[in-house]
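Engineer: Each chain, letter by letter, is given below.
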Amino acid sequence: MTAAAGPGLSEADFERFREYFYKRTGIRFGETKRYFVDKRIDACIRNAGYDNFTGWFVALRLSERPDLQQDLINQLTVNETYFLREDYQFDALLHKVLPEVLAARGGPARMTGPVKILSLPCSTGEEPYSIALRLLEEWEHIEDVDVEIHGADIDSEVLAWAVRASYGERSLQRVPKPWVTKYFTPVGAGRYQLDGGIREAVTLHQVNACDTAAMRLFRDFDVVFCRNMLIYFDELSSRRAAENLYGVMRPGGYLFLGHSESMSRISPIFTPTLLPEGIVYQRPTGAK
Amino acid sequence: MGLIRRNAEPEQLQYASIPDLLRQLDDPDRDVRREAALGLDGVAVAVGPLLDRVAAEPVPAVRDAMLTTLAAHDIGRVAERLAVLLASDDAGLRTAAAEALATMPLATPAIIPRLLTNYDHDVRVMTAMVLANLRHPAALTWLAEMIRDDPHPNVVAAAVDALLPSVGPEHAELLQQAVRRFPDDPFLRFTIEAALR
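Protein chains in written order, with the working numbering: chain A, -3 to 284; chain B, 189 to 385.
In case anyone wonders, no lab produced these hints; they're calculated from the structure.
Mixed in with the good hints there might be a few duds.
[What the hints assert, rightly or not] Simulated pairs of lysine to aspartate or glutamate, EDC-like, Cα-Cα distance not exceeding 16 Å:
no. : chain 1 : residue 1 : chain 2 : residue 2
1   : A       : 35        : A       : 7
2   : A       : 92        : A       : 230
3   : A       : 19        : A       : 230
4   : A       : 29        : A       : 9
5   : A       : 19        : B       : 229
6   : A       : 19        : B       : 262
Chain A extracted, bound-state conformation:
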């Protein structure tokens, strides 16, 4: 489509675009994603007011309009999620991981600094807010220990959704009814907004997990949830993202991946730990 938006990219344009997007984000699209990419780029071109790929792509590459790049990232990243997804990992967090974290840090009475939990990518907020709900409802130490929950994503648009924290019934289908009543307010059209106190408590950030310098701003996390992100990266970008995740974690910190993901195929820097609920990865402890 060096010509007009609509009929799909030419082979050469697709290849040029694919290399550009990979260098910016670490995400590489295979031929099987061709239809998906064509549709989303078409939307970007139309959103930006261009009538052809070439004009839009030149403007994108020259950074003439920063909004083009963000719209592109927003269109091409996948944000499907819901509350309490893969809930068994939250069970592991409450019953196995957090007790270990508290023990490693000297117990609730002697801890300095909060327990820090990161959800990356957090998409529209369901994951970090699910963690908050499970802790508030089920963790015995929530009144004794400070907990910081952070969510981060590359996509500014989903972060705006996360700030609004207004969800449809499909997103809430796994949330127990009493929790919905207690923590959500109906706002019409079948949507429910999360309690303002929880929204305020979760800090949201925009970040690219492959950007080492940006990821340095995240430090000393006890637990990181990074589910269903690395599967979109090629080998080298996965390695870099894994290195960056290692950097944000406290020694001994825990990393949860998606159920179909395995760190052993990406990088040897984490130590796998088998829990009844599945494998979790730890940043090794060790003296400097």
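Add chain B to chain A, keeping to what the hints say.
Structural biologist: Frame of chain A; chain B shown alone:
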């Protein structure tokens, strides 16, 4: 107590200069060395200093960070030097080098024919590990060559192992032939029978 929001002012990104990062590769603090190695991503002048240090780096996490940055320089000079590490006595280092080479689809294929005929069968075993994850159209062909021609049963077993995710009916004769070549090797027989099932 309970859920709290982080109230500190957001930090600003700090970018160290390239000379500072190169100096930090020798810092006594392993976290500083590790972050310096990652911070040198895409810096061409860092390739030499990283190649000079990676084999001697005692901390696996720092070494792996160096390899991640080196592998992004998918060029012959890096592949040649990493290939030397496949013969290391340090199992962690040679495995890490193999994993890094597998992420270099442009430069690694050029050195594969030489690795396939390396006199050291342990290097050829590591080459099978590289080919297991290398995205290159010839990777399966090279593995088939190893299974068909390599004189050492451990190399053939490693190549079979690497081929496993892609094994199909077209490989049946190749695998059965390997069993016939090493009739006294029960491990190889077991591996191949499992593959054929």
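Engineer: Does each hint fit the structure? Answer for all of them.
Structural biologist: Now for the hints, and whether the structure bears them out:
Only pairs whose Cα atoms come within 16 Å are accepted, and residue 35 of chain A paired with residue 7 of chain A is accepted, the gap being roughly 15 Å. Between residue 92 of chain A and residue 230 of chain A the CA atoms are separated by roughly 32 Å; this puts the pair beyond 16 Å, and the hint is violated. The straight-line distance between the Cα atoms of residue 19 of chain A and residue 230 of chain A is roughly 11 Å, inside the 16 Å bound, and the hint therefore holds. Restraint check for residue 29 of chain A and residue 9 of chain A: satisfied, since their Cα atoms lie roughly 15 Å apart, inside the 16 Å limit.
In summary, the hint linking residue 19 of chain A to residue 229 of chain B is supported, as the alpha carbons are separated by about 12 Å, within the 16 Å threshold. Under the criterion of a C-alpha separation no larger than 16 Å, the hint pairing residue 19 of chain A with residue 262 of chain B is consistent with the structure, at around 14 Å.
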